[in-house]
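Protein chains in written order, with our numbering: chain A, 1 to 304; chain B, 1 to 370.
There could be a bad hint or two in this list.
[What the hints assert, rightly or not] The following label-pair restraints were derived from C-beta to C-beta distances: (1) V84(A) - D266(B): 56 to 62 Å; (2) T4(B) - A28(A): 24 to 30 Å; (3) D292(B) - G127(A): 58 to 64 Å.
[As the list claims (entries may be wrong)] Just so you have them, the derived chain B footprint on chain A, three or more residues with Cβ under 8 Å: (4) 53-60; (5) 129-139.
[Unchecked claim] Here are some chain B residues pointing at chain A (derived, C-beta under 7 Å): (6) I40; (7) P185; (8) V339; (9) N341; (10) T343.
To be clear, the hints were calculated from the coordinates, so they are not data collected in a lab. The beta-carbon is built from N, C-alpha and C at its ideal position, and this holds for glycine as well.
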Amino acid sequence: MTATYRRVRRRWGAPLLFLLPAALLFVAFLAIPIGYALYLSFRGMRVSGGGPFGLRQETWVGLDNYVAVFTDPELLAGLGRLAVYGVIAVPLTLGFALAFALLLDLPRVRGARFSRTAIFIPYAVPGVVATLLWGFLYLPSTSPGNWILERIGLGGIDVLHGPILFPSVANIAIWGGVGFNMIILYTSLRGIPTDVYEAARLDGASEWDIAYRIKIPLVGPALILTGLFALIGTLQVYGEPATLRPMTSAISQTWVPLMMIYRDAFTRDNLSVAAASSVALALGTLVVSIILLRVTQKRSFGGS
Amino acid sequence: MKRTDAGGGTDSSAKLVTATRAENAPDVAIVEYNTLPAMIVAGVAQDITEYADGLEGEFAPGVWSQATFDGATYGVPQDAGPQALTYNKARFDELGIEVPTTWEEFAEAAEKVHEADPDTYITTFAPDDFGGIAAFAQQAGAEWWSVDGDTWTVDFDDDASVAVADYWQDLIDRDLVQAEPLLTPEWNAKVNDGEVLSWPAGLWAAGVLYGVAEESAGDWAMAPLPQWEEGDSAVGFQGGSAVVVTTSAEHPEAAAEFARWMGTADEASAAQIEQGQYPASLAGQELTLESDPPLLMPKQKDYWETAAEITRNTIPEISWGPNTNVASSAFQDAMSTAVTNGTPLRDALTEIEAEVVDDMKTAGFEVAQK
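Bound-form chain A, shown alone (with noise of 0.2 Å):
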């Protein structure tokens, strides 16, 4: 009895106590967090005693959360704006991040340790701060833009406003995340063994049908990684909008579902309706990203 306790106890012992501060850390700021959160989006504020100044008191309200929630069509609205951001940014980040790590990984490239960096910059760049520069940026009486095509006797133009302001806003992000995903895909693209491309080029292969035909299959899990990542990225959108809010009447407070998430917890002091909006977007983006991963996952992992 005693010597299998003791062998149990050897056995475990150690891989227990590794894992305790992780587990700690874990419960601590990631499982109470969430816990919290669900509790939260079954309470909710509501008068208690008589009087027009009664005081608002915790309690439970069932579902009655999720059902303003669900049925706000401004949630399904925000969405909306998010997908048609979504469709603008993700093509483009990945595109132009896979192009310019492509033309970086060609033989004999000049230049290309200062364009690594040149274009990896933005990256560093706090959202933020990139937001407020090219929000002057598209102000009409402080951009330089509109400065040029008045003075060559064109009129200038708003993109803060109408269609044109998805693209603004989506320009921001591509702005800030090209780099990144460039730097996975170059080092994915360096990861391929070079006797690949001599037995191409011996086969007769151009760049263009090396880049084609072996390039871009090889880095495909690592495509597939930034597209899940600018997936959530945009369901996670949040800063470029909420700071261009100020400069244009076009930009709601409930513009991307983040921001009326923002706006409840801590404008409309609805902690419980927001909780209720955190735990659905969550479970949105759960779905999405399983979604994504079984679709590509043959591709990706290699069917395994």
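Based on the hints, put chain B in the right spot on chain A.
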């Protein structure tokens, strides 16, 4: 004593509510009048009626009523923001525009300004400026929230508010005012270039404009806000705040004493005037008469006399609702969408009312059917 600048506006109230739930809010806090009811129902502000003996006489009735609800006092008024017209006098003179005294004259002046210089507008209509437009509506006689016993009445689209919405709608449609947000880099540039000539806003506008358009200081002056009827003199409040004692205060009596000092002492008022605020207390307002005019209009010798005159005529009873934060947020989106899509502003008012009533009913307030 420890002081925190919480940022003002909705930022401050969010932080106060959160701190109160964690039971570590400061003993006293400065709260804008229009969010005070929301702070009361959120359990932030404490009833200080028992410590407020003799305080009422220190303030004009219109100011005092903003910190008193249902007979209970929840704060000591600190600064007041009656609306006035802050205008670029140099450009008005250059274009030969008289200072308008009624809104009708204001519209005519808008027309003249835009005719004389197509790049220039008399003012900006900011669709997200809840406080400003609320004050315009109050001046016209609107009462967005009113309470009778335990029952609230919410009325955002009464005749007065609709008239105000239609007035600005007309100016926007005729391209006589620009409909865009305030205090953006864009707007600041136009103010500096003399392309936006006036700002009907709280008396604090002088300080804000000096911050964004320092170069044009000296060109500006302040006049009473235009009126709906010739000869009237009532104006609403835009902004202004009270010092409240929070429910986290362990020694409410001492905290209330400090709040009283901040709202009424000469030293406190002098510090406020220096910062460009207009004191709420009568003694503080008296004190301004010996002060220099604000930095934005150093040449306007009668600035403080005019300010005192305006404050004597503010609307006495203004009640804000328990969910002003929701109203303000609904207002910003509905009005901005209306301006962006070119749909009527009056319809936006109806939408806002529906959202406000809905929120109050969900929270469990009694709301009367109109």
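Do the hints match the structure? See the list:
no.	hint	result
1	V84(A) - D266(B): 56 to 62 Å	holds (59 Å)
2	T4(B) - A28(A): 24 to 30 Å	holds (27 Å)
3	D292(B) - G127(A): 58 to 64 Å	violated (44 Å)
4	53-60	holds (count 4)
5	129-139	holds (count 3)
6	I40	holds (5 Å)
7	P185	holds (5 Å)
8	V339	holds (6 Å)
9	N341	violated (9 Å)
10	T343	violated (13 Å)
Of the numbered hints given earlier, the model fails hints 3, 9, 10; all others are met.
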